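Visitor: So you can see what is in the structure, the chains are spelled out below.
Protein chains: 2
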Amino acid sequence: MTDHDRLTELATRRGFYFPAAGAYGGVAGFYTYGPQGAALKRNVESAWRDRFLTREDHMEVAGPTVMPEPVFEASGHLDGFDDMILECPGCGASHRADHLVEDNTDIEDAEALGTERVAELIAEHDLECPSCGAVLAGESVTAFNLMFGTNIGPGSSAPGYLRPETAQAIFVEFPRLAEYARNQLPFGVGQIGTAYRNEISPRRGLIRVREFTQAELEHFVHPEGAPPDLSGVAETSLSLYPIDSQQARSAEHVETTVGEALEAGVIGSPWIAYYLGIAKEWYEHVGVDMDRFRFRQHLPGERAHYATDCWDAEAELGGNWIEISGFSTRGTYDLSRHADHSGESMTVFEPYEKPQTTERPAVDPDMSYLGPEFGDRAPEVVAALKERAAEEPEAFDGEEIEVTIDGETHAIPMAITGFEIREETISGEHVTPEVIEPSFGVDRVFATVFEHAFRRDSVEGEERTYLSLPPELAPTFVGVFPLMDKDGMGERAKEIADALRERGFAVEYDDSGSIGRRYRRQDEIGTPLCLTVDYESVEGDGSVTLRDRDSAAQSRVPAGEDLDRLLEALADLRAGRQTVAAIKEELGLETVAGDEDPIDAGAE
Amino acid sequence: MTDHDRLTELATRRGFYFPAAGAYGGVAGFYTYGPQGAALKRNVESAWRDRFLTREDHMEVAGPTVMPEPVFEASGHLDGFDDMILECPGCGASHRADHLVEDNTDIEDAEALGTERVAELIAEHDLECPSCGAVLAGESVTAFNLMFGTNIGPGSSAPGYLRPETAQAIFVEFPRLAEYARNQLPFGVGQIGTAYRNEISPRRGLIRVREFTQAELEHFVHPEGAPPDLSGVAETSLSLYPIDSQQARSAEHVETTVGEALEAGVIGSPWIAYYLGIAKEWYEHVGVDMDRFRFRQHLPGERAHYATDCWDAEAELGGNWIEISGFSTRGTYDLSRHADHSGESMTVFEPYEKPQTTERPAVDPDMSYLGPEFGDRAPEVVAALKERAAEEPEAFDGEEIEVTIDGETHAIPMAITGFEIREETISGEHVTPEVIEPSFGVDRVFATVFEHAFRRDSVEGEERTYLSLPPELAPTFVGVFPLMDKDGMGERAKEIADALRERGFAVEYDDSGSIGRRYRRQDEIGTPLCLTVDYESVEGDGSVTLRDRDSAAQSRVPAGEDLDRLLEALADLRAGRQTVAAIKEELGLETVAGDEDPIDAGAE
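Sequences listed follow chains A and B, in order. Position one of the first sequence corresponds to residue 36 (the numbering used here), numbered consecutively onward. Position one of the second sequence corresponds to residue 36 (the numbering used here), numbered consecutively onward.
It is worth saying that the hints were derived from the structure and are not from the lab. One or more of the hints may lead you astray.
What the hints assert, rightly or not - With a straight-line cut-off of 27 Å between C-alpha atoms, the simulated DSS-like cross-links for lysine-lysine are:
#, chain 1, residue 1, chain 2, residue 2
1, B, Lys619, B, Lys529
2, A, Lys529, A, Lys389
3, B, Lys389, A, Lys521
4, A, Lys389, B, Lys521
No experiment lies behind these values; they were computed from the predicted model shown.
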């Protein structure tokens with residue numbers, strides 16, 4: 036069994052995730068998170084919210100997942116959110132045409148070649164249907180829109196779509212969100228929510244699915260505004276895979292820092308550099324293995340046409356580098372498109388520090404002269420005067436001014452033009468903000484945290500599987516066990532469990548099976564700590580056993596103040612401010628046994 | 036302006052909620068939660084999770100929102116999840132036919148009358164189109180399925196639907212969920228997630244929308260299992276509106292307790308009684324006004340055919356009683372249907388306390404006799420022997436036994452039948468659990484909490500609007516203000532804000548505008564407390580001002596230990612274990628001023 040098979044088996048058996056609706060044969064690209072997975076995913080979302088919204092003082096909103104068609108006409112998804120599809124003439128199966136080429140040739144980014152060239156390549160390489168073996172040469176390759184469509188209300192007069200990205204639910208509400216930000220740039224708006232992609236062939240477990248959760252931040256900045264304060268991240272180390280290295284087909288990453296990469300021009304935008312820095316620290320914090328993590332720059336052909344610099348965070352999963360988040364400069368593209376399509380202003384009014392005064396030539400002709408003189412054509416004369424005043428104000432310094440209407444020239448007395456140079460005061464300007472977008476695939480982050488936490492070792496000669504999840508993410512934070520549910524041990528364990536729950540921790544009380552089996556179960560779901568109540572706890576000195584997941588080591592925690600101090604210290608452990616080792620040292624706890632200590636013998 | 040208009044205005048202006056995609060004219064039935072609303076909604080969800088899942092030790096899962104058609108064939112939604120629709124022949128607008136009747140006649144539950152009778156009533160009452168005034172008599176009333184349909188993958192070969200209730204994503208995964216529960220009844224599985232109803236005419240703000248959030252608990256219980264432990268809720272008071280009172284058209288509620296109502300048979304199921312009890316306490320805890328709250332029993336015609344006893348929690352909103360959650364006995368309906376349609380077992384194996392031994396007649400015929408004697412027809416003889424043994428074992432007590440094959444009777448020697456009475460040990464049975472379902476509409480709970488928290492009063496002669504939200508739900512828990520951002524006051528306020536954030540509280544730092552305006556803003560978004568740093572805080576004794584939302588009273592909190600103790604006490608306040616008044620008493624804080632105290636004067 037490979038580690039990947041072990042992971043999938045563990046995911047199903049222990050309730051992390053599994054393909055949905057299995058009773059009906061399942062439907063590709065949809066997963067259900069079981070009790071452990073739902074908790075881990077929520078914890079990933081909370082950690083993201085804490086770092087990217089709360090600590091950055093950004094807003095969070097929650098918009099609908101179904102939106103009307105005009106939104107996606109404006110966003111460009113109705114026309115451009117496509118994959119290449121080819122239908123097998125033999126069995127009728129639909130395939131990603133570009134994937135057929137990539138899977139059977141050395142070509143890496145077939146999508147960039149266009150549908151016609153991909154169809155040619157399929158013919159040139161004599162590719163066959165992976166399902167039935169039929170010859171595919173000559174079959175047409177077409178664009179398939181990846182949005183799930185539906186109808187809002189009865190009939191088909193109001194088509195709607197499941198949003199392909201959470202971002203659009205933020206952009207369309209820009210005018211109101213700007214008000215909440217008191218119309219001051221920069222400001223950021225985030226959203227954690229469901230998005231959908233009607234994939235032609237979903238694959239790779241949680242990686243390419245049809246329904247997924249995104250955590251997106253749209254940071255609206257002034258196009259000529261100040262860059263962010265980089266002092267907190269300038270020294271943060273980054274492992275980069277820039278365009279140059281990719282084009283040179285080098286596998287080497289550039290090991291640098293945020294400050295250096297920006298100075299060297301490897302990263303173009305200071306905003307992108309800022310977010311790569313805090314994202315790197317966040318990924319490390321939530322347990323992503325930094326030896327299996329990098330930022331890859333988009334190749335020029337990969338970027339959306341409106342983006343100037345884009346990077347993906349990539350994690351190594353099952354031997355492949357997988358995109359787990361993207362950092363893009365979306366420019367003014369989205370807001371401009373929505374302004375054009377909706378007719379609503381998508382700007383922020385930026386007052387100048389001082390109102391600016393400009394001079395503007397103007398006319399205010401005397402119509403009691405022009406009317407009788409020109410009749411119906413008087414308005415044309417007014418327009419001509421205005422035009423000359425704007426273009427050639429110096430012409431107004433004589434007694435008369437000439438204007439030409441339909442090829443005929445008329446001399447107008449200067450006195451009736453009302454010409455003057457007016458002073459105008461402008462207090463500011465309407466600015467369409469640029470958008471910096473860190474966009475996270477929550478399910479992919481989940482998959483990375485899960486796979487990178489997976490460990491196997493041997494404890495006292497027995498093979499063990501455990502998830503070394505950071506305490507902040509673990510579905511269960513503490514397991515509390517009575518050695519057996521008798522002689523007051525169950526009651527005491529329940530008291531401790533309740534005291535822990537009271538402090539807001541996720542606690543699992545378990546009194547069934549041997550202590551060893553209970554430890555193994557908590558190991559497999561990544562519970563950092565277990566507390567066990569035994570005879571000594573209820574009839575002796577009141578101490579309990581503290582058992583640490585990663586080392587499988589056990590210590591005795593004396594009753595009373597020490598136990599209270601331990602419970603206090605757990606909040607720091609949960610928040611990632613403290614390690615188990617440091618807590619044990621602080622409390623003077625010594626390891627008394629490995630996982631197979633004497634108390635285990637009495638458990639069955 | 037009515038209170039309802041004031042609420043809607045506040046919801047939009049302060050970022051609670053507003054109709055989505057307003058830039059495109061909006062689309063009825065979809066709302067966006069702004070920053071305050073998204074936080075309040077999350078807090079409602081957390082409070083629900085805490086009470087109905089964590090404290091009850093139930094599991095939580097997260098399934099997909101798009102599910103394939105066979106799921107809804109089984110659930111009955113494809114056939115029966117309909118509303119009555121009538122299309123206007125004049126303007127083409129679609130209307131809820133039953134609502135047309137209800138809005139224009141004295142009839143209350145038109146849906147129960149069926150489409151034909153509703154069409155007749157529309158003709159009898161000469162009803163007209165509310166949009167264009169066209170005569171509607173003679174127009175057909177049909178059933179419109181309320182599920183949003185879509186297609187999974189390319190083409191239309193795999194229809195899917197947006198789930199109309201989160202529950203189905205639990206039922207279809209029953210076999211695996213039962214494993215996670217170690218196959219032991221009872222166990223509960225909850226889910227908080229999006230569900231969809233393609234309403235014909237959405238209305239009433241957040242109350243009847245097309246996309247909404249449900250918090251549902253499916254509690255799987257043994258049909259003959261023990262009732263729940265009611266000791267914790269027996270004395271809980273309930274305001275009930277049972278079938279009798281409704282049929283007698285009495286507006287009076289029955290004021291009783293969980294224990295009494297169950298004993299008197301007003302509530303039929305002890306499980307429903309249990310959940311009404313904890314729901315009542317929970318609603319009170321999250322700020323629902325108990326004078327505007329009741330449980331209404333479903334009338335016989337209202338219940339799903341498989342349900343035996345159903346109650347709705349109803350809140351008075353804008354003068355109407357609105358269903359905000361439902362408590363149903365779903366019986367074995369869902370699991371049986373999914374077992375039938377999917378072919379998967381949806382049962383739990385319940386071992387008997389002691390294995391049961393039963394006697395069963397059996398035959399084991401000697402084929403070396405039957406083969407030569409009957410040739411091809413020997414298997415039919417075996418089948419006939421088995422059937423007689425099962426139905427008439429006493430017939431096997433002679434020398435021969437007669438069996439009839441195709442009308443022909445044969446005598447078979449007893450010796451070759453291998454007849455015997457076998458002892459069989461059965462260790463348990465496969466049980467299809469019954470389902471008890473508390474189902475909460477999160478948006479409706481949100482709307483209730485929001486409306487019931489809405490207050491207006493007068494502080495020092497000035498009119499004030501505030502939301503008296505419980506601290507546990509408030510989007511912002513503490514506002515922290517420097518009197519002005521100078522002379523170290525900003526720095527000190529930021530220190531305090533950071534210390535509070537470190538403790539996990541939602542904090543808003545605000546240094547713009549007068550203190551009075553900042554208090555008013557926090558009042559409007561329901562922030563329970565504000566701390567203000569002034570000159571005394573940085574140049575004098577270090578004390579800060581504590582300002583309480585509901586009373587608008589201010590107290591001075593001395594620096595040092597008192598401030599530390601206040602910060603400690605806030606965790607209890609946030610969790611609803613402590614009141615502001617009690618904390619002030621404990622710390623010996625006296626009110627020094629109302630909302631318009633002297634420090635306000637210096638603020639602008």
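Visitor: It remains to establish, for every hint, whether it holds in the given structure.
Guide: Each hint tested on the structure:
Only pairs whose Cα atoms come within 27 Å are accepted, and Lys619(B) paired with Lys529(B) is accepted, the gap being roughly 23 Å. Between Lys529(A) and Lys389(A) the CA atoms are separated by roughly 67 Å; this puts the pair beyond 27 Å, and the hint is violated. Annotation: proposed proximity of Lys389(B) to Lys521(A) holds, straight-line Cα distance about 23 Å (limit 27 Å). For the proposed pair Lys389(A) and Lys521(B), the alpha carbon gap of about 23 Å is at most 27 Å, so the pair holds.
This entry does not satisfy hint 2, going by the numbered hints stated previously; all others are met.
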